[in-house]
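Chains as they are written, first to last, in the working numbering: chain A, 1 to 563; chain E, 1 to 139; chain S, 1 to 324.
Take the hints with a grain of salt, since some may be wrong.
[What the hints assert, rightly or not] With a straight-line Cα cutoff of 30 Å, these simulated DSSO-like cross-link-like pairs (lysine-lysine) come out: (1) E:108 with A:345; (2) A:102 with A:235; (3) A:102 with A:384; (4) A:460 with A:36; (5) A:438 with A:274; (6) S:72 with A:519; (7) A:235 with A:274; (8) A:102 with A:345; (9) S:211 with S:72; (10) A:519 with A:235; (11) A:345 with A:105; (12) A:105 with A:490; (13) E:108 with A:460; (14) A:551 with S:72; (15) S:211 with A:438; (16) A:490 with E:108; (17) A:36 with A:48; (18) A:48 with A:460.
FYI, nobody ran anything at the bench for these hints, they're computed from the structure.
Below are the chains, spelled out letter by letter.
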Amino acid sequence: MKETKEAQTIGNLAEQLEAWEGREVAGFLARQPERKEQFATLGGFPVKRVYTALDVQDIPLEDVGLPGRYPFTRGPYPTMYRGRRWTMRQIAGYGTGADTNKRFKYLIQQGQTGLSTDFDMPTLMGYDSDHAMSGGEVGRGGVAIDTLSDMEDLFADIDLEEISVSMTINPSAWILLAMYVALAEKRGFDLNRLSGTIQADMLKEYMAQKEWIYPIAPSVRIVRDCIAYCAQRMKRYNPVNICGYHINEAGASPLHELAFTLANTIVYVEEVVKTGMPVDQFAPRLSFFFACGSDFFEEAARFRAVRRVYATIMRERFGAANPASMRLRFHCQTAAATLTRPQYKVNIVRTALQALAAVLGGAQSLHTNGMDEAFSIPTEEAMKIALRTQQVIAEESNVANVVDPLGGSYYVEKLTDQYVQAIQAILQEVDARGGTVKLIEEGWFQRKIAEDAYETALRKQSGEKPVIGVNRYVEEEEALDLEVHPYGPKSAERQIERTRQVRANRDEPAVQELLGRLKAVARDETQNILPVTVELVRQGASMGDIVETLKQVWGTYRETPVF
Amino acid sequence: MQAPNTQPIRVMIAKVGLDGHDRGVKIVARCLRDAGMDVIYTGLHRTPEEVALAAVQEDVDILGISILSGAQMTVFPRVLELLRGQHGSDIAVVGGGVMPDEDVVELKRMGVSEVLLQDTPPQAIVESMRRLVRERGPR
Amino acid sequence: MGRAVPPLALVQQVLEGRLTAVARMITHAESGEEACHEALAEIYRHTGKAHVVGITGVPGSGKSALVTRLCKALRAGGRSVGVIAVDPSSPFSGGSILGDRIRMNELVTDPGVFIRSMATRGALGGLARASLSGVDILDAAGYDVVLIETVGVGQDEIDVVQAVHTTLVVSAPGLGDDIQAIKAGVLEIADIHVVGKCDRSDAHRTVTDLKNMLAMGHRNSQGYGWQVPLIPTSSVSGEGIPELLTAIDGHLEALTSSGELEQRRRRIAQTRLLKSAENILRDQFQRHHDRQISELTDRMMSGRTHPHAAAQTLLNQFRSERKP
Chain A
1 MKETKEAQTI
11 GNLAEQLEAW
21 EGREVAGFLA
31 RQPERKEQFA
41 TLGGFPVKRV
51 YTALDVQDIP
61 LEDVGLPGRY
71 PFTRGPYPTM
81 YRGRRWTMRQ
91 IAGYGTGADT
101 NKRFKYLIQQ
111 GQTGLSTDFD
121 MPTLMGYDSD
131 HAMSGGEVGR
141 GGVAIDTLSD
151 MEDLFADIDL
161 EEISVSMTIN
171 PSAWILLAMY
181 VALAEKRGFD
191 LNRLSGTIQA
201 DMLKEYMAQK
211 EWIYPIAPSV
221 RIVRDCIAYC
231 AQRMKRYNPV
241 NICGYHINEA
251 GASPLHELAF
261 TLANTIVYVE
271 EVVKTGMPVD
281 QFAPRLSFFF
291 ACGSDFFEEA
301 ARFRAVRRVY
311 ATIMRERFGA
321 ANPASMRLRF
331 HCQTAAATLT
341 RPQYKVNIVR
351 TALQALAAVL
361 GGAQSLHTNG
371 MDEAFSIPTE
381 EAMKIALRTQ
391 QVIAEESNVA
401 NVVDPLGGSY
411 YVEKLTDQYV
421 QAIQAILQEV
431 DARGGTVKLI
441 EEGWFQRKIA
451 EDAYETALRK
461 QSGEKPVIGV
471 NRYVEEEEAL
481 DLEVHPYGPK
491 SAERQIERTR
501 QVRANRDEPA
511 VQELLGRLKA
521 VARDETQNIL
531 PVTVELVRQG
541 ASMGDIVETL
551 KQVWGTYRET
561 PVF
Chain E
1 MQAPNTQPIR
11 VMIAKVGLDG
21 HDRGVKIVAR
31 CLRDAGMDVI
41 YTGLHRTPEE
51 VALAAVQEDV
61 DILGISILSG
71 AQMTVFPRVL
81 ELLRGQHGSD
91 IAVVGGGVMP
101 DEDVVELKRM
111 GVSEVLLQDT
121 PPQAIVESMR
131 RLVRERGPR
Chain S
1 MGRAVPPLAL
11 VQQVLEGRLT
21 AVARMITHAE
31 SGEEACHEAL
41 AEIYRHTGKA
51 HVVGITGVPG
61 SGKSALVTRL
71 CKALRAGGRS
81 VGVIAVDPSS
91 PFSGGSILGD
101 RIRMNELVTD
111 PGVFIRSMAT
121 RGALGGLARA
131 SLSGVDILDA
141 AGYDVVLIET
151 VGVGQDEIDV
161 VQAVHTTLVV
171 SAPGLGDDIQ
181 AIKAGVLEIA
191 DIHVVGKCDR
201 SDAHRTVTDL
211 KNMLAMGHRN
221 SQGYGWQVPL
231 IPTSSVSGEG
241 IPELLTAIDG
251 HLEALTSSGE
261 LEQRRRRIAQ
271 TRLLKSAENI
281 LRDQFQRHHD
291 RQISELTDRM
301 MSGRTHPHAA
311 AQTLLNQFRS
321 ERKP
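Given these sequences and hints, build the entire structure.
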């Protein structure tokens, strides 16, 4: 009885819509055509004039569901920001450990609720500060860490049981994790009370960010080792932060960002499951990281979509039973690639809108970019405004008072569903073509990303993708009133000196003995590489010592670029 | 049909240092190729020594170096010095990436011919390359 | 600006092996400009010392990685190496992206290795038009071994055989129908077969398949007593590289002792002659007959003539104009 009534309503609606198009719309169009023939999201999904109940009638209500319940479309937790707001986590890092420690304390004082560490390129790539490849880059784009003693400086006087710490690092991530463990033990913290994450997502490196040391197989094994190690000893710690952000920044479409991230996720889960660990033992600690771009509703919709797809994968493909294994939690950063040099203060507005979309999409933690990041790493002032932007959204706008306020919007629900289907189609294609690792080796993902990036560049050039200050409302040469973050070459010298001192003062035979053991562990794929690494850093081994030793066992990775 | 005696402009596109951001260089390589130039891409993580020697051997008209790690003030002076040492100073050096305006001014003073930053439209990059070769004259 | 040095003035420096002169001379050769021929003729007189080795095989077979390994091995033995790496030009814009430098990364600060990338610019046969002049220049400049890495389209690489002393054909596992792809013609041109990527688990199958195919064919032993070897290699581990180097040297020795080397030199000379003639004709056509070509094409389009007749007309015009 009820069904008939509903069908009639929908039927009426279809008639009404037709009539409306024939009358009101047609009349209007005759006088004033629309701005474009065809509208689309930035990600390329066609967009209709208006969405109605007709557009969502085929979407099962249980696919939308409720917050904190499978398939988690409406959010990973039932109360979301009504309980705890998202973590405001501004990334920081420059100079030496002591330099960054000062910035951390400043940010905590400003109300930041989590720490996020940016490392310099040598640290990210596993080179010590005095290596020839490190020239000019020590402490430049992030903090330089060579040995445990640098790590001690970095977190001096910060209570690691109280604040969660994220470390944005990949090929050398396990060494930083080892240092973090060694530091925590030394300072008497309980490992099971530490929260935070290392990024350690190697597959997206081969796809997008291009920070690598070893070939794919040993790199994936290290990720596996991190996940397994933390599952046993650090129950609140996220051993991997699976990233779409860098895929997006490398130019991928918003859809490809999500689909490729999940393709990588599937590989990691498979690898850990292969070691015999049940999926529910580690999956609750998997965490994600996405970029938030400029198309407001699309961004919110696709975060809702990726939660739904992930939940399905974990339950259907991997047989997870614990709901915590199926709920996708993610950190979000506003998209740095959207920042402009011309009229750079407009970046504050861009970032605010992106941050709002991330919040409406249900992010667990958020980084808002500094307005000056198209020039250099952000100044303290720029970081403060970025943080205040989040605080305005969180505390003034009231958007955090209702869970998933966009839920039920015909447009957003439709777009969410379209995203779900599109992601699933790509994942099926990846499977059919032989899986993620094979396709990375063949450059398949890389080619798609390069295509997307090229297309975006052309669309910006033609003005089809508007960028205020760049292809619209362009102003002649502006007077520069921008103060950039200073770089002190002195801190590089200090850093190099420090590392040399640690090397001079350590028990060399003990380090050498451990490096020998490290090689043996590396050769035996069934062993976990973390324990011996923890011992090494405790003995004063530098990151470079460890990385170079393993190059002898595993060799290095070389890319065949695609365009 | 291409006239037989027009030499395409030869450009080497290099990533020097440790950062792996290759979105920009790939777009640049592609649009230069589509404009009929020969583009030699060095791949990632190169040293100034490797890039300078390769540029001389390849006899390129232009050496474009992209840096997003902040090391520009170390890398460019070194490359310019190496090129001078190998009689390659008629190669125009062009910079790209993310850097503050004051560095751009300083780099140009040192002898970097052009600095093309984020959001430079592909067509403008093509035109800059052509202009640099035109201004240099035959060699 | 514009202090252009005429090509002839560079010859002495090329013969002395000066890097910039060698590099610039190759650029002149690529331009095909009139002024370079005299210089190239002078250089040609100083060639004949280098062992010229061609490397061909389907895309993805790991030619560049193999070249890198070979260069290192040759350098370790104290020999200098010149490399000409050929990549295709875009048929649409005429431009190209030459990516071979990437794999050769550990070499590029070694002045004993000279690597030059070249775009085909529409030339067929796997070589660029100036590739062989490039080989002359590197030979005259004193490089002991000159390697030419071809485009690697797989079917149409015969040119390289006509222009080198020793031809390597590279295959690799995991390329799908790789064996099928190289079967058509390319397989038979090898003086040495190389299977790359033998660190992969499926490599033994490629080796076996190839061995079977070679056994079925008849060209595994050549007229001058050379047994065509099949060498499995890995550019990751370096496996098979010493054996490959021994085979390359062995082949030159077999050529020399049997007198086949003279045959090959003659063949190379003839190839060069015909290629040059072809290039001259093509250039002259393009330079002087654009209008006629366009007119004749119009006539073909409107059905007033057909290809053979139009070509006859064009050639007749060409001949009459060339008469003194």
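Results of checking the hints against the structure:
Annotation: proposed proximity of residue 108 of chain E to residue 345 of chain A holds, straight-line Cα distance about 26 Å (limit 30 Å). Proximity of residue 102 of chain A to residue 235 of chain A is assessed by CA-CA distance (about 29 Å); at most 30 Å being required, the pair is judged to hold. Distance restraint check for residue 102 of chain A and residue 384 of chain A: the Cα-Cα separation of roughly 14 Å lies within the 30 Å cut-off, and the hinted pair is therefore satisfied. Restraint check: the Cα-Cα separation between residue 460 of chain A and residue 36 of chain A comes to about 17 Å, which is no more than 30 Å; the hinted pair holds.
Simply put, residue 438 of chain A and residue 274 of chain A have alpha-carbon atoms about 18 Å apart, close enough for the 30 Å limit, and the pair holds. Restraint check for residue 72 of chain S and residue 519 of chain A: the C-alpha separation of about 26 Å stays at or below 30 Å, so the hint holds. Distance restraint check for residue 235 of chain A and residue 274 of chain A: the Cα-Cα separation of roughly 21 Å lies within the 30 Å cut-off, and the hinted pair is therefore satisfied. Our distance criterion of 30 Å between C-alpha atoms is met by residue 102 of chain A and residue 345 of chain A, whose separation comes to about 26 Å.
With a CA separation close to 28 Å, the supplied pair residue 211 of chain S and residue 72 of chain S stays within the 30 Å bound. For the hint pairing residue 519 of chain A with residue 235 of chain A, the CA-to-CA distance comes to about 28 Å; that is within 30 Å, so the pair holds. A hinted pair counts as satisfied when its Cα atoms are at most 30 Å apart, and residue 345 of chain A with residue 105 of chain A qualifies at roughly 26 Å. Note on residue 105 of chain A and residue 490 of chain A: the hinted pairing holds, with a Cα-Cα distance of about 22 Å set against a maximum of 30 Å.
With a C-alpha separation of about 27 Å, the suggested pairing of residue 108 of chain E with residue 460 of chain A holds against the 30 Å cut-off. Annotation: proposed proximity of residue 551 of chain A to residue 72 of chain S holds, straight-line Cα distance about 19 Å (limit 30 Å). Between residue 211 of chain S and residue 438 of chain A the CA atoms are separated by roughly 27 Å; this keeps the pair inside 30 Å, and the hint holds. A distance of roughly 25 Å separates the Cα atoms of residue 490 of chain A and residue 108 of chain E; the hinted pair therefore holds under the 30 Å criterion.
Only pairs whose Cα atoms come within 30 Å are accepted, and residue 36 of chain A paired with residue 48 of chain A is accepted, the gap being roughly 12 Å. As the CA atoms of residue 48 of chain A and residue 460 of chain A are separated by approximately 23 Å, the hinted pair is consistent with the 30 Å bound.
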